[in-house]
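There are 4 protein chains.
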Amino acid sequence: MASSQIEIRIRYGETDQMGFCYYGNYAQFLEVARVETLREKGISYKELEEKGILLPVRNFSIKYIAPAKYDDVIQIKTEISDIKNSQIIFKYSIYIKQKLIATADTELVFVSKENFRPIKAPDDFKSLMDHINE
Amino acid sequence: MASSQIEIRIRYGETDQMGFCYYGNYAQFLEVARVETLREKGISYKELEEKGILLPVRNFSIKYIAPAKYDDVIQIKTEISDIKNSQIIFKYSIYIKQKLIATADTELVFVSKENFRPIKAPDDFKSLMDHINE
Amino acid sequence: MASSQIEIRIRYGETDQMGFCYYGNYAQFLEVARVETLREKGISYKELEEKGILLPVRNFSIKYIAPAKYDDVIQIKTEISDIKNSQIIFKYSIYIKQKLIATADTELVFVSKENFRPIKAPDDFKSLMDHINE
Amino acid sequence: MASSQIEIRIRYGETDQMGFCYYGNYAQFLEVARVETLREKGISYKELEEKGILLPVRNFSIKYIAPAKYDDVIQIKTEISDIKNSQIIFKYSIYIKQKLIATADTELVFVSKENFRPIKAPDDFKSLMDHINE
Numbered sequence: 001m002a003s004s005q006i007e008i009r010i011r012y013g014e015t016d017q018m019g020f021c022y023y024g025n026y027a028q029f030l031e032v033a034r035v036e037t038l039r040e041k042g043i044s045y046k047e048l049e050e051k052g053i054l055l056p057v058r059n060f061s062i063k064y065i066a067p068a069k070y071d072d073v074i075q076i077k078t079e080i081s082d083i084k085n086s087q088i089i090f091k092y093s094i095y096i097k098q099k100l101i102a103t104a105d106t107e108l109v110f111v112s113k114e115n116f117r118p119i120k121a122p123d124d125f126k127s128l129m130d131h132i133n134e
Numbered sequence: 001m002a003s004s005q006i007e008i009r010i011r012y013g014e015t016d017q018m019g020f021c022y023y024g025n026y027a028q029f030l031e032v033a034r035v036e037t038l039r040e041k042g043i044s045y046k047e048l049e050e051k052g053i054l055l056p057v058r059n060f061s062i063k064y065i066a067p068a069k070y071d072d073v074i075q076i077k078t079e080i081s082d083i084k085n086s087q088i089i090f091k092y093s094i095y096i097k098q099k100l101i102a103t104a105d106t107e108l109v110f111v112s113k114e115n116f117r118p119i120k121a122p123d124d125f126k127s128l129m130d131h132i133n134e
Numbered sequence: 001m002a003s004s005q006i007e008i009r010i011r012y013g014e015t016d017q018m019g020f021c022y023y024g025n026y027a028q029f030l031e032v033a034r035v036e037t038l039r040e041k042g043i044s045y046k047e048l049e050e051k052g053i054l055l056p057v058r059n060f061s062i063k064y065i066a067p068a069k070y071d072d073v074i075q076i077k078t079e080i081s082d083i084k085n086s087q088i089i090f091k092y093s094i095y096i097k098q099k100l101i102a103t104a105d106t107e108l109v110f111v112s113k114e115n116f117r118p119i120k121a122p123d124d125f126k127s128l129m130d131h132i133n134e
Numbered sequence: 001m002a003s004s005q006i007e008i009r010i011r012y013g014e015t016d017q018m019g020f021c022y023y024g025n026y027a028q029f030l031e032v033a034r035v036e037t038l039r040e041k042g043i044s045y046k047e048l049e050e051k052g053i054l055l056p057v058r059n060f061s062i063k064y065i066a067p068a069k070y071d072d073v074i075q076i077k078t079e080i081s082d083i084k085n086s087q088i089i090f091k092y093s094i095y096i097k098q099k100l101i102a103t104a105d106t107e108l109v110f111v112s113k114e115n116f117r118p119i120k121a122p123d124d125f126k127s128l129m130d131h132i133n134e
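Protein chains in written order, with this note's numbering: chain A, 1 to 134; chain B, 1 to 134; chain C, 1 to 134; chain D, 1 to 134.
Next up, chain A with everything else stripped away, as it sits in the complex (with noise of 0.2 angstroms):
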């Protein structure tokens, strides 16, 4: 199953003055997500990018149900929803302690280094897609 899950500790500096986690840094911890679910898969995003491939986010959505605090060690459940063509979606839910307390989705996009332009997902994906489909 092309899923995984990850364990992120909210750091103090991620904290703001409403005593919760920044609305807003959650978007880095799902990239850290689907980083660690495409290594996990034996796929590094970091070489992707060293051989011309970049994977933009093109559309990014969450809904926070209860809020993590300083400290709060959360999990995040990623599955790979998707990938066709040149599009591959990551499906988030966020944990504390078995509690849901966010959802989230991103499509991101296969792009050219060299002209950003869009392309067929390599084939270390593709195989990805198919382990999906079993």
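The set of hints was computed from the structure by calculation and includes no laboratory data. These numbers were taken from a predicted model, which means no experiment stands behind them. Keep in mind that a hint or two might mislead.
No distinction is drawn between identical chains; accordingly, a pair holds when it is met within one copy or between any pair of copies.
To be verified - DSBU-like cross-link-like pairs, simulated, lysine-lysine; straight-line CA separation at most 30 angstroms:
no.: 1; residue 1: Lys51; residue 2: Lys120
no.: 2; residue 1: Lys46; residue 2: Lys77
no.: 3; residue 1: Lys99; residue 2: Lys120
no.: 4; residue 1: Lys77; residue 2: Lys63
no.: 5; residue 1: Lys84; residue 2: Lys97
no.: 6; residue 1: Lys126; residue 2: Lys63
no.: 7; residue 1: Lys51; residue 2: Lys113
no.: 8; residue 1: Lys113; residue 2: Lys46
With chain A's structure known, arrange chains B, C and D on it following the hints.
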């Protein structure tokens, strides 16, 4: 019309190694945009908090159309599209020199600082809504 | 010995267009390093705040020797070098694979949450100091 | 005189749960201050990079005297205190309504984008230095 426009210059620290403004930084830009929109309507978000009312974000979605680069000045057009019960919805269009680079919307909830329970939108917000309906 | 070591992987959002970890992000890494150093000594910074004691930074200096890149794992060695009266000093050495890339130190002050006035270091910190002196 | 002043309003996302602007955010404010100082002297940092010259920070130190809060407007007075060989030193004083809240200084190095080796300060910077010496 309950809309306004602000400008933000992309800081070096807001770029990433792709050479663009990192996708996660837009949440903060939108926060600035809605605070300034409210200020323009005579409402200080700071004073709102001092009165015991917080306004956390419940839903946030954004579509990235084109990148912003270092030193670019982005224009954010913000519109308060709805206020009802404890909820307020902002819609944003982000431009660089008239070119649309992103659209976003956020749903925020009025909550009591005491117990984080939803409360009705304060009167000055309601009158804002009346202006919208005019 | 009141020292410890942690590892942090550089996030994509922490890079800048120079292709390196942005210089401004190290302050947050050092915060994580000192919190984990204290945790290892049995002190929870979160609980400290809950008891009404804050620990803001008064002085911070850092020397950047070599850059950290995306996906690099940095090791931060943290040492509590002095605790006296209301003051605590941390010293940090940051490495990537044994290579020193930065050194830093921070001076923090114990203050009361009530009035932000300096207060004496709590007893569990003092005993930490005793261990240092041993 | 190679000095200038800018204003920055503290964003909500820049506060922490202590209710103050997080200490780690000042590095970014100083970056904005030095870029605007250079712009005022007719030098675009963006164009400098486009010409193949980078200006990474080698040393940074800051003394926090009083906190900045959400929505505060800080004034940063920036002075280029020295330029010699490949090095440039900026000194900063940060105020809120005439009250000094922090002082800082940064040493940056001119390096080639090609090999990150130090290079001599470009001529337009040297003439800046002449103005300082006048």
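The hints, checked one at a time:
1. Lys51 / Lys120: within (14 angstroms within a copy, 33 angstroms between copies)
2. Lys46 / Lys77: Both ways: lysine 46 and lysine 77 sit 21 angstroms apart in one copy and 26 angstroms across, limit 30 angstroms.
3. Lys99 / Lys120: Between copies, since 27 angstroms is at most 30 angstroms while 37 angstroms is not.
4. Lys77 / Lys63: both (15 angstroms within a copy, 23 angstroms between copies)
5. Lys84 / Lys97: neither (34 angstroms within a copy, 33 angstroms between copies)
6. Lys126 / Lys63: Both: 29 angstroms inside a chain and 25 angstroms across chains, each within 30 angstroms.
7. Lys51 / Lys113: both (9 angstroms within a copy, 20 angstroms between copies)
8. Lys113 / Lys46: both (13 angstroms within a copy, 20 angstroms between copies)
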